[in-house]
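Novice: Knowing the structure of chain A, use the given hints to seat chain B on it.
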Amino acid sequence: EAGVVQSPRYKIIEKKQPVAFWCNPISGHNTLYWYRQNLGQGPELLIRYENEEAVDDSQLPKDRFSAERLKGVDSTLKIQPAELGDSAVYLCASSATRYTEAFFGQGTRLTVV
Amino acid sequence: GDSVTQMEGPVTLSEEAFLTINCTYTATGYPSLFWYVQYPGEGLQLLLKATKADDKGSNKGFEATYRKETTSFHLEKGSVQVSDSAVYFCALSNFGNEKLTFGTGTRLTIIP
Numbered sequence: 013e014a015g016v017v018q019s020p021r022y023k024i025i026e027k028k029q030p031v032a033f034w035c036n037p038i039s040g041h042n043t044l045y046w047y048r049q050n051l052g053q054g055p056e057l058l059i060r061y062e063n064e065e066a067v068d069d070s071q072l073p074k075d076r077f078s079a080e081r082l083k084g085v086d087s088t089l090k091i092q093p094a095e096l097g098d099s100a101v102y103l104c105a106s107s108a109t110r111y112t113e114a115f116f117g118q119g120t121r122l123t124v125v
Numbered sequence: 030g031d032s033v034t035q036m037e038g039p040v041t042l043s044e045e046a047f048l049t050i051n052c053t054y055t056a057t058g059y060p061s062l063f064w065y066v067q068y069p070g071e072g073l074q075l076l077l078k079a080t081k082a083d084d085k086g087s088n089k090g091f092e093a094t095y096r097k098e099t100t101s102f103h104l105e106k107g108s109v110q111v112s113d114s115a116v117y118f119c120a121l122s123n124f125g126n127e128k129l130t131f132g133t134g135t136r137l138t139i140i141p
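Listed in order, the protein sequences are those of chains A and B. Convert by adding 12 to the 1-based position in the first sequence; the result is the number in this note's numbering. Convert by adding 29 to the 1-based position in the second sequence; the result is the number in this note's numbering.
For the record, the hints were derived by calculation from the structure and aren't laboratory data. Where hints are given, some of them may not hold.
Said to hold, decoys possible - Which residues of chain A face chain B? A few of them, derived with a C-beta cut under 10 Å, are:
no., residue
1, 15
2, 45
3, 47
4, 49
5, 52
6, 53
7, 56
8, 57
9, 60
10, 67
11, 68
12, 71
13, 103
14, 111
15, 117
16, 118
To be verified - Computed beta-carbon distance windows for the label pairs:
no., chain 1, residue 1, chain 2, residue 2, range
17, B, 43, A, 30, 47 to 55 Å
18, B, 99, A, 24, 43 to 51 Å
19, A, 28, B, 82, 45 to 53 Å
20, A, 30, B, 74, 28 to 36 Å
21, A, 83, B, 70, 26 to 34 Å
22, B, 82, A, 24, 40 to 48 Å
23, A, 21, B, 39, 21 to 29 Å
24, B, 38, A, 97, 23 to 31 Å
25, A, 64, B, 80, 24 to 32 Å
26, B, 32, A, 39, 30 to 38 Å
27, A, 112, B, 34, 24 to 32 Å
Since this is a predicted model, take the numbers as computed values, not measurements. Just so you know, even glycine gets a beta-carbon here, dropped at the ideal spot from N, CA and C.
If we strip away everything but chain A, and leave its shape as in the complex, we get (with noise of 0.2 Å):
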C-alpha cells in the first residue's frame, strides 16, 4: 500500500515568489495535517482537515498561507509571497480517523533565497 506522497521533494525560491506544495494522504483516511518542521526543531502544526473542512488552522499564518482539500482525498499548501523565514521542511501526514496514528509523508524541503 502507498503511504503519503508529497511532491515536490525539495524546492528553491526566490523571496515574494510564490510555491505550491501537493499531499496525496493514505486512500481512505480522513484526517489530513500539515505540519512545518524548521532545521533543528519538532513539527509544528499548520492546519487539519477531516474529510474537506479545515477544523484546525489556528496555527497557519493566514496573511501569506492558504490550504485546501478538494474532495477530500488530495490537499495543497500555498504561500504566497514567500519570505526568508519560510525555509523549512513542509510535512504532510493522515490518520483514518482523528483518534488513530498519524502517517507521514516525506516532506518537501523548501528554501528561500
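Specialist: Relative to the frame of chain A, chain B by itself:
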C-alpha cells in the same frame, strides 16, 4: 500550553551499547505519548506509544514507560545497532486536541 522537552543531541554510541533518550512533558489532562523516528531520507515513523499512566510501549527492541508522577517517557534500548542511527522525536497528543506536539528531536549515531 502543552510542551515536550527532549534530551539534546547529538548522541553517539558504540554498537551494542545501552541507549537512553530522556523526554519530559508538560500537558493538561491525560495525554497520549509517542516516540517517532526519522531515518535518513525518510519520513517520520511511529516507533511506539503509550496512552495512559504506567503503560509501556515497545517496538523493535525499544521501550518507553509512561510515568505520570515524573511526567516522563524516556526511550531505552538494551543493545543498539548501526541501523538505529536516526533522529528520534518524543511527542504528545491530548484528547480533544488532535495534534501532535513534538520535542526538538535527538540525533542518534551508532558507530560499529
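Novice: Could you tell me which of the numbered hints above are not met by this structure, giving the numbers in increasing order?
Specialist: none
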